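K.L.:
Keeping their order, the protein sequence lines are chains A and B. Numbered according to numbering that gives the first Met the number 0, the first sequence spans residues 0 to 418. Numbered according to numbering that gives the first Met the number 0, the second sequence spans residues 0 to 418.
Think of the hints as simulated: they come from the structure by calculation, not from any bench. Because the structure is a prediction, the values reported are computed rather than measured. Please note that a few of the clues may not be correct.
Heads up, the list lumps identical chains together, so a pair's fine if it works in one copy or across two of them.
What the hints assert, rightly or not - DSS-like cross-link-like pairs, simulated, lysine-lysine; straight-line CA separation at most 25 Å:
hint : residue 1 : residue 2
1    : Lys282    : Lys254
2    : Lys81     : Lys353
3    : Lys83     : Lys417
4    : Lys128    : Lys236
5    : Lys403    : Lys360
6    : Lys58     : Lys81
7    : Lys288    : Lys360
8    : Lys288    : Lys81
9    : Lys286    : Lys405
10   : Lys206    : Lys412
11   : Lys206    : Lys58
12   : Lys288    : Lys254
13   : Lys326    : Lys254
14   : Lys326    : Lys284
15   : Lys377    : Lys254
16   : Lys83     : Lys284
17   : Lys326    : Lys377
18   : Lys405    : Lys360
19   : Lys128    : Lys318
20   : Lys326    : Lys206
21   : Lys30     : Lys403
22   : Lys83     : Lys288
23   : Lys81     : Lys282
There are 2 protein chains.
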Amino acid sequence: MARKNAFYAQSGGVTATINTTACAVIETARKHGNRIGKVYAGRDGIIGALTEDLIDTSKEPAAAIRALRHTPGGAFGSCRYKLKGLEESRAQYERLIEVFRAHDIGYFLYNGGNDSADTSYKVSQFAQKLGYPLVCVGIPKTVDNDLAITDCCPGFGSVAKYVATSIREAGYDVASMARTSTRVFILEVMGRHAGWITAACGLAQDKDGEAPHILLFPEIPFDQDRFLARVDEIIRKHGYCAIGVSEGVRTPDGKFLSESGLRDAFGHAQLGGVAPLLAQLVKDKLKQKYHWAVADYLQRSARHIASKTDALQSYAVGKAAVELAVKGRSGVMPIIVRKSSRPYRWAIGVAELKDIANAEKMMPRDYITADGFHITAKCREYLAPLVQGEDYPPYQNGLPAYVKLKNAAVPRKLAAFKI
Amino acid sequence: MARKNAFYAQSGGVTATINTTACAVIETARKHGNRIGKVYAGRDGIIGALTEDLIDTSKEPAAAIRALRHTPGGAFGSCRYKLKGLEESRAQYERLIEVFRAHDIGYFLYNGGNDSADTSYKVSQFAQKLGYPLVCVGIPKTVDNDLAITDCCPGFGSVAKYVATSIREAGYDVASMARTSTRVFILEVMGRHAGWITAACGLAQDKDGEAPHILLFPEIPFDQDRFLARVDEIIRKHGYCAIGVSEGVRTPDGKFLSESGLRDAFGHAQLGGVAPLLAQLVKDKLKQKYHWAVADYLQRSARHIASKTDALQSYAVGKAAVELAVKGRSGVMPIIVRKSSRPYRWAIGVAELKDIANAEKMMPRDYITADGFHITAKCREYLAPLVQGEDYPPYQNGLPAYVKLKNAAVPRKLAAFKI
Numbered sequence: 000m001a002r003k004n005a006f007y008a009q010s011g012g013v014t015a016t017i018n019t020t021a022c023a024v025i026e027t028a029r030k031h032g033n034r035i036g037k038v039y040a041g042r043d044g045i046i047g048a049l050t051e052d053l054i055d056t057s058k059e060p061a062a063a064i065r066a067l068r069h070t071p072g073g074a075f076g077s078c079r080y081k082l083k084g085l086e087e088s089r090a091q092y093e094r095l096i097e098v099f100r101a102h103d104i105g106y107f108l109y110n111g112g113n114d115s116a117d118t119s120y121k122v123s124q125f126a127q128k129l130g131y132p133l134v135c136v137g138i139p140k141t142v143d144n145d146l147a148i149t150d151c152c153p154g155f156g157s158v159a160k161y162v163a164t165s166i167r168e169a170g171y172d173v174a175s176m177a178r179t180s181t182r183v184f185i186l187e188v189m190g191r192h193a194g195w196i197t198a199a200c201g202l203a204q205d206k207d208g209e210a211p212h213i214l215l216f217p218e219i220p221f222d223q224d225r226f227l228a229r230v231d232e233i234i235r236k237h238g239y240c241a242i243g244v245s246e247g248v249r250t251p252d253g254k255f256l257s258e259s260g261l262r263d264a265f266g267h268a269q270l271g272g273v274a275p276l277l278a279q280l281v282k283d284k285l286k287q288k289y290h291w292a293v294a295d296y297l298q299r300s301a302r303h304i305a306s307k308t309d310a311l312q313s314y315a316v317g318k319a320a321v322e323l324a325v326k327g328r329s330g331v332m333p334i335i336v337r338k339s340s341r342p343y344r345w346a347i348g349v350a351e352l353k354d355i356a357n358a359e360k361m362m363p364r365d366y367i368t369a370d371g372f373h374i375t376a377k378c379r380e381y382l383a384p385l386v387q388g389e390d391y392p393p394y395q396n397g398l399p400a401y402v403k404l405k406n407a408a409v410p411r412k413l414a415a416f417k418i
Numbered sequence: 000m001a002r003k004n005a006f007y008a009q010s011g012g013v014t015a016t017i018n019t020t021a022c023a024v025i026e027t028a029r030k031h032g033n034r035i036g037k038v039y040a041g042r043d044g045i046i047g048a049l050t051e052d053l054i055d056t057s058k059e060p061a062a063a064i065r066a067l068r069h070t071p072g073g074a075f076g077s078c079r080y081k082l083k084g085l086e087e088s089r090a091q092y093e094r095l096i097e098v099f100r101a102h103d104i105g106y107f108l109y110n111g112g113n114d115s116a117d118t119s120y121k122v123s124q125f126a127q128k129l130g131y132p133l134v135c136v137g138i139p140k141t142v143d144n145d146l147a148i149t150d151c152c153p154g155f156g157s158v159a160k161y162v163a164t165s166i167r168e169a170g171y172d173v174a175s176m177a178r179t180s181t182r183v184f185i186l187e188v189m190g191r192h193a194g195w196i197t198a199a200c201g202l203a204q205d206k207d208g209e210a211p212h213i214l215l216f217p218e219i220p221f222d223q224d225r226f227l228a229r230v231d232e233i234i235r236k237h238g239y240c241a242i243g244v245s246e247g248v249r250t251p252d253g254k255f256l257s258e259s260g261l262r263d264a265f266g267h268a269q270l271g272g273v274a275p276l277l278a279q280l281v282k283d284k285l286k287q288k289y290h291w292a293v294a295d296y297l298q299r300s301a302r303h304i305a306s307k308t309d310a311l312q313s314y315a316v317g318k319a320a321v322e323l324a325v326k327g328r329s330g331v332m333p334i335i336v337r338k339s340s341r342p343y344r345w346a347i348g349v350a351e352l353k354d355i356a357n358a359e360k361m362m363p364r365d366y367i368t369a370d371g372f373h374i375t376a377k378c379r380e381y382l383a384p385l386v387q388g389e390d391y392p393p394y395q396n397g398l399p400a401y402v403k404l405k406n407a408a409v410p411r412k413l414a415a416f417k418i
């Protein structure tokens with residue numbers, strides 16, 4: 000294939016290390032100047048391709064691209080926008096190819112979760128059908144750790160390190176206050192469907208009696224009486240109780256617990272916040288003082304406490320994606336393959352996009368203890384390597400020094416397109 | 000004065016660096032073996048003294064005490080328990096002296112906020128009245144930064160670094176998502192009365208347009224219309240809006256905003272959480288997607304991102320307290336004196352406990368912009384040095400390695416005392 004430009008876009012919820020992958024893509028592409036011309040990034044993800052709103056990354060100096068490695072968020076903008084099926088959204092797929100043709104784009108690199116793998120797969124099929132030469136490579140990313148086939152997802156290890164560190168630290172705090180004040184601390188973490196992030200909280204507990212004492216997973220239906228009995232038992236035994244809870248915890252009838260309780264002054268259901276709801280329960284039923292925290296975006300943007308393993312893997316998948324692309328491998332995604340847990344050894348493998356698209360990897364039941372309230376040794380063995388190593392960003396004036404790119408637009412060549 | 004034992008206790012809400020101070024107290028006392036015998040710590044603060052529940056810190060090896068320097072929480076337990084006036088609570092003051100006499104305690108070192116300074120002062124007065132030789136030295140600590148006379152409070156700089164880092168990071172996240180998803184992010188931070196922690200969020204904004212765009216202080220009555228207009232204006236201008244809000248924000252009639260809105264399913268006011276309330280407002284009135292986080296204990300226990308300046312000052316006040324004690328200086332507290340802001344130079348000074356007791360240092364009005372929504376250059380100049388420098392804890396298996404002490408009890412010599 001002749002020298003072609005590459006299109007790169009970030010999709011879905013961002014992570015502390017998706018820019019690490021972006022850094023790898025651009026740095027690696029720059030090393031393959033004989034095959035890849037410029038890397039154009041989609042402004043706000045795939046929307047940038049549809050609207051011909053392309054960013055010319057060649058305008059960024061090497062130092063700025065290097066700084067992406069340690070910068071959270073999505074440097075080019077991400078989006079929550081899913082292309083539908085080929086028949087339903089034919090005009091959009093045609094538009095993509097039109098934009099790629101206008102800008103001599105021969106590589107499509109799409110960095111996201113399972114929806115994005117699906118989009119990449121469909122784009123590759125459509126281009127083939129049209130006879131447009133386009134190499135489509137997906138690149139994994141998601142804090143939810145729910146992609147199929149890959150052993151873990153870039154972005155997850157850093158969230159895992161953040162939540163485990165946070166609940167360990169808060170545990171030390173609550174333990175000191177328990178005699179006369181707070182006895183129950185609740186940390187709400189992300190995970191609508193899969194309990195991977197909640198499970199990572201469990202890494203903070205090295206010994207019985209340490210925080211967290213209870214974990215509530217989306218995979219285990221919430222049983223109020225069992226929960227309260229367990230909190231009570233732990234307070235009696237250890238003096239305090241630290242709880243990690245997934246935002247996606249559900250009642251036995253399958254509804255989100257967070258939507259079951261609180262109403263605003265007008266009677267509307269309050270959106271979000273399972274932690275305050277559990278806190279209220281602890282207060283009403285056990286008469287215990289509580290504190291609660293909702294980490295929300297802090298957990299997935301906490302680049303200051305990124306896992307080195309995660310940063311290395313996030314870089315490696317970006318590099319591998321470009322290497323696959325220049326080899327003409329289309330319809331694939333680089334993945335993380337675990338060779339061994341102790342000592343931890345991993346390598347980059349390759350999966351078919353169609354096998355990853357729209358699949359969801361849930362927590363195996365044997366990663367959760369029989370009583371449903373904690374993680375097993377097997378789960379620890381899986382999770383522990385992913386948080387290994389520190390990868391501090393540089394600091395300036397006491398705060399992490401993150402980069403903002405110029406994000407210069409590529410001049411438009413086509414008529415406007417309404418999305 | 001002959002060689003005497005010392006009593007040390009931690010009081011009130013703990014911080015990421017109160018154990019740094021404890022480390023300094025014990026290490027410094029060990030260097031003054033000619034004047035100080037053992038350091039006995041109160042288990043759960045002053046309650047440990049009243050109940051004769053003393054911890055023998057001499058049982059801890061030097062390495063464990065050294066590790067306190069980087070361990071969050073309160074290693075001996077803290078408490079929220081205030082001794083009342085000398086007349087009202089005479090029996091308690093008598094009991095304290097009885098316990099001190101029984102254990103040959105000649106030094107009273109009390110590590111806390113303004114309530115604790117008050118207690119230290121009263122204990123010193125009472126001992127004097129009784130003719131019991133007791134050197135009473137207060138040691139400052141509070142994340143609220145609201146102690147009088149001292150330029151800043153040990154513990155505050157680390158919270159400041161945490162909240163500024165967190166809102167900067169979340170700002171990068173929201174900026175990436177704003178095109179199709181979240182446009183408003185709200186971080187709730189501590190501060191019931193004084194807006195120092197909220198102000199620290201403002202340090203994250205280096206340039207106009209960066210996060211945080213709006214700060215809501217307890218010092219400025221909340222005006223819903225002005226707030227919503229400002230959020231709307233910022234979204235139009237910058238595409239997204241990051242907000243730092245103090246838990247203590249009040250309505251114009253002086254009520255906590257957090258208590259004004261949400262009700263649980265039974266109509267009870269929801270406890271805590273001004274962030275979800277503002278989020279609901281943004282959704283209802285501006286129809287914008289939002290995310291919110293409540294940092295709660297995470298902010299004051301985040302030793303993993305402690306400020307080096309804060310850690311040095313926290314150690315320095317502990318060391319100075321012991322040095323003052325062995326010189327027989329009673330009724331005083333070591334404080335931080337600022338010599339210069341640029342370059343930052345500070346020294347340890349000495350204040351009278353009676354001048355610190357029960358006073359509260361609010362944010363000066365000229366630290367807040369005229370419109371009430373951000374901090375001024377003057378405020379930045381004050382805050383910036385306090386977050387300088389990193390002071391990472393050691394890590395083991397990917398997580399911060401914090402110490403748990405043995406906390407061996409000193410054998411009791413007296414009859415039980417009911418508090």
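K.L.:
Would you mind marking each hint as holding or not holding in the structure?
P.N.:
Tested hints:
no. : hint            : verdict
1   : Lys282 - Lys254 : both (23 Å within a copy, 22 Å between copies)
2   : Lys81 - Lys353  : within (16 Å within a copy, 65 Å between copies)
3   : Lys83 - Lys417  : within (16 Å within a copy, 70 Å between copies)
4   : Lys128 - Lys236 : neither (66 Å within a copy, 43 Å between copies)
5   : Lys403 - Lys360 : neither (34 Å within a copy, 37 Å between copies)
6   : Lys58 - Lys81   : neither (29 Å within a copy, 62 Å between copies)
7   : Lys288 - Lys360 : neither (37 Å within a copy, 28 Å between copies)
8   : Lys288 - Lys81  : between (44 Å within a copy, 18 Å between copies)
9   : Lys286 - Lys405 : neither (54 Å within a copy, 30 Å between copies)
10  : Lys206 - Lys412 : neither (62 Å within a copy, 34 Å between copies)
11  : Lys206 - Lys58  : between (52 Å within a copy, 22 Å between copies)
12  : Lys288 - Lys254 : between (27 Å within a copy, 22 Å between copies)
13  : Lys326 - Lys254 : neither (47 Å within a copy, 65 Å between copies)
14  : Lys326 - Lys284 : neither (63 Å within a copy, 52 Å between copies)
15  : Lys377 - Lys254 : neither (29 Å within a copy, 50 Å between copies)
16  : Lys83 - Lys284  : neither (47 Å within a copy, 31 Å between copies)
17  : Lys326 - Lys377 : neither (38 Å within a copy, 57 Å between copies)
18  : Lys405 - Lys360 : neither (37 Å within a copy, 42 Å between copies)
19  : Lys128 - Lys318 : neither (28 Å within a copy, 75 Å between copies)
20  : Lys326 - Lys206 : neither (49 Å within a copy, 43 Å between copies)
21  : Lys30 - Lys403  : within (23 Å within a copy, 50 Å between copies)
22  : Lys83 - Lys288  : between (49 Å within a copy, 23 Å between copies)
23  : Lys81 - Lys282  : between (42 Å within a copy, 23 Å between copies)
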